[in-house]
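J.: Sequence:
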Amino acid sequence: MAQRPPQPGRPPASRPLTGKPPGVSLNRALSKLGLCSRTQAEVLIAEGRVRVNGKVIGNAALRVDLNRDRIVVDGEQVMAERKVYLMLNKPRGLVTTRDDPQQRDTVYACLEGLDLPFVSPVGRLDKASEGLLLMTNDTRFANRLMDPASHMPKTYHVQIGSVPDEPMLDRFRAGVTVDGETLTANSIGLLRSGGRTAWLEIVLDEGRNRHIRRLLAAHGIEVRRLIRIAIGSLRLGDLAKGTARHLTLEELALLGG
Numbered sequence: 001m002a003q004r005p006p007q008p009g010r011p012p013a014s015r016p017l018t019g020k021p022p023g024v025s026l027n028r029a030l031s032k033l034g035l036c037s038r039t040q041a042e043v044l045i046a047e048g049r050v051r052v053n054g055k056v057i058g059n060a061a062l063r064v065d066l067n068r069d070r071i072v073v074d075g076e077q078v079m080a081e082r083k084v085y086l087m088l089n090k091p092r093g094l095v096t097t098r099d100d101p102q103q104r105d106t107v108y109a110c111l112e113g114l115d116l117p118f119v120s121p122v123g124r125l126d127k128a129s130e131g132l133l134l135m136t137n138d139t140r141f142a143n144r145l146m147d148p149a150s151h152m153p154k155t156y157h158v159q160i161g162s163v164p165d166e167p168m169l170d171r172f173r174a175g176v177t178v179d180g181e182t183l184t185a186n187s188i189g190l191l192r193s194g195g196r197t198a199w200l201e202i203v204l205d206e207g208r209n210r211h212i213r214r215l216l217a218a219h220g221i222e223v224r225r226l227i228r229i230a231i232g233s234l235r236l237g238d239l240a241k242g243t244a245r246h247l248t249l250e251e252l253a254l255l256g257g
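When the letters of the sequence shown are read in order and numbered with the working numbering, they come out as residues 1 to 257.
Any given hint might turn out to be false.
Claimed, not checked - So the derived label-pair ranges between C-beta atoms look like this: (1) Asp99 / Val56: 23 to 29 Å; (2) Lys83 / Arg171: 42 to 48 Å; (3) Arg171 / Arg63: 47 to 53 Å; (4) Pro117 / Arg63: 45 to 51 Å; (5) Val178 / Val56: 46 to 52 Å; (6) Ala128 / Asp238: 19 to 25 Å.
Bear in mind the hints are in silico, worked out from the structure with no lab data behind them. Note that the coordinates shown come from a computational prediction; the quantities given were computed from them, not determined experimentally. Idealized CB from N, CA, C, for every residue including glycine.
Please construct the entire structure, taking both the sequences and the accompanying hints into account.
T.: Here it is as structure tokens:
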């Protein structure tokens, strides 16, 4: 019996509905497996050090199936690393990246000497900011936390170069539009003040670039220190500056992990 031809405007049942092949790109696969960053993976691939199913691959965009394909780097098969979840008390002066083109010190200096697979920061803190930074090799966990739809609140303690009264705080809370972006906060409150400075507690559920600094600068307010002290219900606590530790199962549960 002859097969019925596909109806006009509809693809055959065997044809994928999108043009993207299944799987993930090879450079992303090496990152997901915990070997290195995507940028470092591109270098390994370009140097001819990566084989997929016995064949040297020079194309970082090649799609691979992590459940089926055998990926080998420098003669060693790359296997999925154990999942690692860290909290780091980031000091000021470090950039939140693995490879910095300007050769600045990065947060990875805080992980030296630790027996860890490759881990990536979950979101960012700018160079001048400090406090709680999560790092992991679990990309699904990281993407869920960074997804704006999760509305995961982040709490900051911010020292400013003035003492605001209540009307000024109300102006901060009203939000501003800067360079076409509307910058608001879930809440802004006065923690304490003394002399010519004050500390604010600011809670955000989104993380636009330099969000708090830009919001306050729009009101002529100088930020002197900015410390992230909590992500959701997970608090930085008394973790020493510049040190990292593994999250406990209870702490992971607070993040929905």
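J.: Measuring from beta carbon to beta carbon, are Lys83 and Arg171 in 42 to 48 Å?
T.: holds (44 Å)
J.: Could you tell me whether the CB distance from Pro117 to Arg63 stays inside 45 to 51 Å?
T.: violated (23 Å)
J.: Starting from the hint 19 to 25 Å, judge whether the C-beta atoms of Ala128 and Asp238 obey it.
T.: holds (23 Å)
J.: Should the hint that Val178 and Val56 are 46 to 52 Å apart at their CB atoms be regarded as holding?
T.: holds (49 Å)
J.: Does the Cβ distance between Arg171 and Arg63 fall inside 47 to 53 Å?
T.: holds (51 Å)
J.: Quick one: are Asp99 and Val56 within 23 to 29 Å, going by C-beta?
T.: holds (24 Å)
Violated hint for the displayed structure: number 4, the only one.
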